[in-house]
Amino acid sequence: MLRICDDISNGKEPIPVSAFGPASAYVPAFPQFTYTTDVLINRDSDVPQQRRKGCRCVSNCLFNNRCCCQSISFGDMFAKLSNVVVKDWRKSANAALTSSVFLSECHEGCSCATTCPNKATQCPLKFKFYVGPCGDKGMFLQSHELTESNMNDYLFMVSVKDDPSTFSYIDAFEYGNLSRFVNHSCVPNCFQDEEITIDYSDSYWTYKTDMKCLCNKTECRYKSRAIEPRQLRIEISRKQ
Numbered sequence: 000m001l002r003i004c005d006d007i008s009n010g011k012e013p014i015p016v017s018a019f020g021p022a023s024a025y026v027p028a029f030p031q032f033t034y035t036t037d038v039l040i041n042r043d044s045d046v047p048q049q050r051r052k053g054c055r056c057v058s059n060c061l062f063n064n065r066c067c068c069q070s071i072s073f074g075d076m077f078a079k080l081s082n083v084v085v086k087d088w089r090k091s092a093n094a095a096l097t098s099s100v101f102l103s104e105c106h107e108g109c110s111c112a113t114t115c116p117n118k119a120t121q122c123p124l125k126f127k128f129y130v131g132p133c134g135d136k137g138m139f140l141q142s143h144e145l146t147e148s149n150m151n152d153y154l155f156m157v158s159v160k161d162d163p164s165t166f167s168y169i170d171a172f173e174y175g176n177l178s179r180f181v182n183h184s185c186v187p188n189c190f191q192d193e194e195i196t197i198d199y200s201d202s203y204w205t206y207k208t209d210m211k212c213l214c215n216k217t218e219c220r221y222k223s224r225a226i227e228p229r230q231l232r233i234e235i236s237r238k239q
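Just so we're aligned: 173 in numbering that gives the first Met the number 0 is position 174 of the sequence shown, and the numbers increase by one with no gaps anywhere.
Keep in mind the hints are simulated off the structure, nothing from the lab. Treat the hints with care, since some could be wrong.
[As the list claims (entries may be wrong)] The calculated DSSO-like cross-link candidates involving lysine-lysine, where the alpha carbons are at most 27 Å apart (straight line), are:
1. Lys118 with Lys11
2. Lys118 with Lys136
3. Lys11 with Lys127
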């Protein structure tokens, strides 16, 4: 593998993110995009610019039951757990926790420190990552360093609950960071010196009927087409 870029973040990350290519005459074109560590909101979007009221904590917010930011997250989680059936609590609790549980981070309007554990996604890189080509999947993300468990790093999705007809899309085609290179796998992975992957969830594949999964795992759920058109029509009719 040859290094084709020393730092795709152009100094925006405290640790350089290198890019590698095959050691051959053919070097695949690297995706042209602008690296950013901020969330850029389109001028024409309807996303409200006003932030919610921040907390006034002076200690660790992560396990502070008086933190208003944490109460939002745990309140949503416990609401989902309230329907857990006692005889099948393990399966039900797992389904609730792996569903779209709303996570609310502290922000610049809070009085807690910048090192607050509840600002996990806002923290700069702590480990060294690099990207490289991986065949039909395009590019992959990998790390040489061992990522410790329970580091409070997480991914989350924000949905609009007040108006179900309103949708917000995060598009990393032109602006993004290293997370744009995280591919899907039916068996998510975050091990050292292996491709870092996440599960895009069934909702993603429901609308990707012209695509198939390339994770090549024996547990792969979408080896052929994601969901056949007939099955998709059935799912849509059930929702209606």
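Open item on the list: Are any of the numbered hints broken by this structure? If so, which, sorted upward?
Closed with: Of the numbered hints given earlier, the structure breaks just one, which is hint 2.
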